[in-house]
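Given only the sequences and the hints, what does the whole structure look like? Please build it.
Quick note, the sequences are listed as chains W and Y, same order.
All residue numbers for the first sequence refer to the working numbering, where the first residue is 1 and numbers rise by one.
All residue numbers for the second sequence refer to the working numbering, where the first residue is 1001 and numbers rise by one.
If you are wondering where the hints come from, they were derived from the structure by calculation, not from laboratory data.
Careful, some of the hints might be misleading.
Stated by the list, open to error - Here are the simulated lysine-lysine pairs, DSS-like style, with alpha carbons at most 25 Å apart:
{"no.": "1", "chain 1": "Y", "residue 1": "Lys1159", "chain 2": "W", "residue 2": "Lys100"}
{"no.": "2", "chain 1": "W", "residue 1": "Lys95", "chain 2": "W", "residue 2": "Lys11"}
{"no.": "3", "chain 1": "W", "residue 1": "Lys88", "chain 2": "W", "residue 2": "Lys100"}
{"no.": "4", "chain 1": "W", "residue 1": "Lys100", "chain 2": "Y", "residue 2": "Lys1068"}
{"no.": "5", "chain 1": "Y", "residue 1": "Lys1161", "chain 2": "W", "residue 2": "Lys69"}
{"no.": "6", "chain 1": "Y", "residue 1": "Lys1159", "chain 2": "Y", "residue 2": "Lys1068"}
{"no.": "7", "chain 1": "W", "residue 1": "Lys95", "chain 2": "W", "residue 2": "Lys69"}
{"no.": "8", "chain 1": "Y", "residue 1": "Lys1068", "chain 2": "W", "residue 2": "Lys88"}
{"no.": "9", "chain 1": "W", "residue 1": "Lys11", "chain 2": "W", "residue 2": "Lys100"}
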Amino acid sequence: MRYLVSVIDDKSDPGSTDRRPAISAFNERLIAEGYWVFSGGLAGTDAATVIDNRGEQAVFSDGPFVESKEYLAGVWVWEAPDLDVALKLAAEASKVCDRKIEVRPFL
Amino acid sequence: MSDVEEAITRAHHDEWARVVAALTRRFGALDIAEEAAAEAFATAVERWRADGLPPNPGAWLTTTAGRKAIDRIRREHKRDDKHKEARTLHGDTPPEPLGAIDDDRLRLIFTCCHPALAVEARVALTLRMVGGLTVPEIARAFLVQGTTMEQRVTRAKAKIKAARIPYRMPSADDLPARVSGVLTVLFLIFNEGYLASGPGTDPVRHDLTTEAIRLTRLIRALLPQDGEVAGLLALMLLIEARRPARVSAGGELVPLAEQDRGAWDAELIAEGHRLVRERLAAAAAGEAPGRYQILAAINAVHTSARDIRDTDWSQILALYDQLVRLAPSPITALNRAVAVAELDGPEVALAIVDRLAEALAGYHAYHATRADLLRRLGRSRQSRAAYDRAIELAGNTGETAYLTRRRDQLRPDGPHTAQSR
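This is the structure in structure tokens:
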């Protein structure tokens, strides 16, 4: 079962910036234990562009699809047998990243 | 009630959770298990009336429910997404690796009370899947629309499936934390029954307190070594024992001090006291008691006194002090102040209560307690204002009636009060 694991940062109360070594070590472990599928940090929401080509021509707009003080700062995709395993890892991930984590199953 | 109806009611009580749990393990889906169990009970009503009782009603229900589930899966077999479920037709899936304790019903309870579900959903799902209450019954109990409750249960089941919340006993490491979540759900069910909210309902919902006690007994049977489970069961029994004396003939809530203690249920009290003694022995042997055990001990002291004047308030205060250290909360501080009032007088207690003003401004019992202390101090005008606020916030007809009478009995302030005494 695959889970999308989102790292959520908060503009008004951002997590600390020195987490990279800890995250790398955590990733090594995820890979070693067979949970890791993919991971990546994201550039800030000011680097986002939204495209809407449902009409006659594509409309490009500058910025994220939703304005909020919380935003997606990075993602993992994990392979885990069930939610309990994913939640246990997510609890660790939240400590490692110093940020909130959302866990969502893929369909 | 006829013998058959009685047998069906009893089987529903005793076997519902077992049937749902066995089917959940076999078919891996809560909704299939629940629907098949409901169909099996419906069939039982017909068949048992016509053919008489089967020798083993539990086995009959499990077998019938299993067949209903297979029928259901076969009907839906053609759909691609059902292929996986259909595979379970070729015999039982190998059992999940065992956790600390192996019991289907316990797994079911832990699944329904999973921390990834919202608390309201846990309550609803537990009453449905473990308690066997229908969704309209649960909706009525919690004063929400049937459709809202239906959605809540359906969404919870969908999340269990989509997020793959496992049907499994928590590991030994996780067990204490997960048990405490289960107990929270059971205590919520009990409390909703004990002091029902909403102006249109009975002050006490006997069906809910009974159900909560039944489910807690089940957990107790499954986890006999858990001190907090024993504590919660004792606590519920000792509160439930006072139920016959808690509401007057006129529908008014009767506070502890004014209750007819002869009307208390002696059997429930004896059972509650036995459990508390068991936990006291464990505490003496070095096992630190948790919140429910301390609350049960407080209720054991209350129920030991033949008359309110015989109440051992210093012991109650000592227990509240212990509770404050273990789990400090403004509500605990408020209840502790009631014991302080008995030992050191209403003035000392009022000083403690007033410090809780900010935290408990919206809590009716805070204002009711304050009103009572002010009344005892002869400060009628302030007491009246506090009663008014308590009445405004009380969500229960029996409580409103009691508070209103108390308020209307207040005497005017000042020297006049002294003269009229």
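**Prompt:** Holds or violated: W:Lys100 with Y:Lys1068, Cα cutoff 25 Å?
**Reply:** Violated, because 44 Å separates the two Cα atoms, which is more than 25 Å.
**Asked** Holds or violated: are the alpha carbons of W:Lys88 and W:Lys100 at most 25 Å from each other?
**Response** With Cα atoms ~14 Å apart, W:Lys88 and W:Lys100 stay inside 25 Å; holds.
**Asked** Are the Cα atoms of Y:Lys1161 and W:Lys69 separated by 25 Å or less?
**Response** 31 Å, violated
**Item:** Hinted pair W:Lys95 and W:Lys69, Cα distance within 25 Å
**Value:** 21 Å, holds
**Message:** For a C-alpha distance cap of 25 Å, please report whether Y:Lys1068 and W:Lys88 respect it.
**Reply:** 37 Å, violated
**Message:** Need the status of pair Y:Lys1159, W:Lys100: alpha-carbon distance at most 25 Å?
**Reply:** 20 Å, holds
**Prompt:** When you check the alpha-carbon spacing of W:Lys11 and W:Lys100, does it fall within 25 Å?
**Reply:** 13 Å, holds
**Message:** Hinted pair, alpha-carbon criterion (25 Å max): W:Lys95, W:Lys11. Please report holds or violated.
**Reply:** It holds: about 18 Å lies between the C-alpha atoms, which stays within 25 Å.
**Asked** Do the alpha carbons of Y:Lys1159 and Y:Lys1068 lie within 25 Å of each other, as the hint requires?
**Response** Holds. Y:Lys1159 to Y:Lys1068 sits at ~24 Å (cutoff 25 Å).
Figure legend: structure checked against the earlier numbered hints; hints not met, in rising order: 4, 5, 8.
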